[in-house]
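Could you put together the complete structure from these sequences and hints?
2 protein chains.
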Amino acid sequence: MGNWLNDVKWDEQGLVPAIAQDHQSGRVLMMAWMNREALLLTVKEQRAIYYSRSRQQLWRKGESSGHVQKLHEVRLDCDADVIVLQVEQIGGIACHTGRESCFYRVYDNDAWRTVDEVIKDPKDIY
Amino acid sequence: MGNWLNDVKWDEQGLVPAIAQDHQSGRVLMMAWMNREALLLTVKEQRAIYYSRSRQQLWRKGESSGHVQKLHEVRLDCDADVIVLQVEQIGGIACHTGRESCFYRVYDNDAWRTVDEVIKDPKDIY
Chain A
1 MGNWLNDVKW DEQGLVPAIA QDHQSGRVLM MAWMNREALL LTVKEQRAIY YSRSRQQLWR
61 KGESSGHVQK LHEVRLDCDA DVIVLQVEQI GGIACHTGRE SCFYRVYDND AWRTVDEVIK
121 DPKDIY
Chain B
1 MGNWLNDVKW DEQGLVPAIA QDHQSGRVLM MAWMNREALL LTVKEQRAIY YSRSRQQLWR
61 KGESSGHVQK LHEVRLDCDA DVIVLQVEQI GGIACHTGRE SCFYRVYDND AWRTVDEVIK
121 DPKDIY
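Same order as they appear, the protein sequences are chains A and B. For what it's worth, UniProt numbering labels the leading residue of the first sequence as 1, then goes sequentially. For what it's worth, UniProt numbering labels the leading residue of the second sequence as 1, then goes sequentially.
Hints are computed from structural coordinates only; laboratory data are not their basis. Incorrect hints may have been included.
Identical copies go unnamed one by one, so any copy, or any two together, can satisfy a pair.
As the list claims (entries may be wrong) - With a straight-line Cα cutoff of 20 Å, these simulated SDA-like cross-link-like pairs (lysine to any residue) come out:
hint: 1; residue 1: Lys-44; residue 2: Ile-90
hint: 2; residue 1: Lys-44; residue 2: Arg-105
hint: 3; residue 1: Lys-123; residue 2: His-72
hint: 4; residue 1: Lys-44; residue 2: Ala-111
hint: 5; residue 1: Lys-70; residue 2: Ala-80
hint: 6; residue 1: Lys-44; residue 2: Gly-66
On a predicted model such as this, the values are computed, not experimentally measured, just so you know.
Here it is as structure tokens:
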């Protein structure tokens with residue numbers, strides 16, 4: 001056990017980017033960071049667990065919102081420094097703004113235009 | 001012009017992660033980095049242009065391989081520090097190993113198992 005964790009090329013802070021993708025629609029939901037423990041626990045508990053750089057602690061996605069990401073698959077890229085998670089997004093909301101995906105702004109004519117609706121008011125989530 | 005570039009939260013090195021996704025299949029092809037110039041040129045030239053951290057210069061994806069990524073859409077996340085590109089992958093190969101996607105290894109029983117085939121031998125690409 002643990003050899004697969006050594007295969008990952010952790011950066012100077014001991015982190016790698018982890019992209020969460022809806023396992024059915026393929027929608028990219030968010031990107032966050034993982035340290036060694038986060039990746040190990042993600043696999044163990046079969047749910048996405050990230051490392052919050054701002055809070056400097058493990059971030060059990062969905063802990064307060066209920067919007068847990070159930071794990072379906074973990075992939076590693078050719079350089080071994082990026083992870084993709086296939087997940088089932090409980091509640092259909094990944095973003096703290098109450099949207100399905102954190103990527104709700106599209107580049108349009110030299111501006112970022114919000115194109116996705118808020119599914120649930122954040123006040124009703126947290 | 002340029003205000004939208006200021007909306008992006010560039011990291012200490014002036015970079016943001018950019019995720020390239022096949023605009024039709026939704027397959028995540030790769031993740032690389034962009035600086036301000038790379039993002040500007042990506043939008044201008046309507047093809048993915050990254051910043052190579054190892055070579056410390058702009059990386060016009062497909063320049064030597066021909067595997068250009070034609071741009072369909074650019075999105076920014078809620079924290080304004082991650083980009084998703086919807087692209088058309090010319091040649092159907094994004095990875096330098098000759099595979100469609102850089103994410104060809106799946107976590108399986110404490111190991112990373114290669115599950116995707118090589119479409120074209122890298123020797124015949126570069």
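Against the structure, the hints come out as follows:
{"no.": "1", "hint": "Lys-44 - Ile-90", "result": "within (18 Å within a copy, 38 Å between copies)"}
{"no.": "2", "hint": "Lys-44 - Arg-105", "result": "between (34 Å within a copy, 18 Å between copies)"}
{"no.": "3", "hint": "Lys-123 - His-72", "result": "neither (29 Å within a copy, 34 Å between copies)"}
{"no.": "4", "hint": "Lys-44 - Ala-111", "result": "between (42 Å within a copy, 14 Å between copies)"}
{"no.": "5", "hint": "Lys-70 - Ala-80", "result": "neither (23 Å within a copy, 25 Å between copies)"}
{"no.": "6", "hint": "Lys-44 - Gly-66", "result": "within (19 Å within a copy, 41 Å between copies)"}
When each numbered hint is compared with the structure, violations occur for hints 3 and 5.
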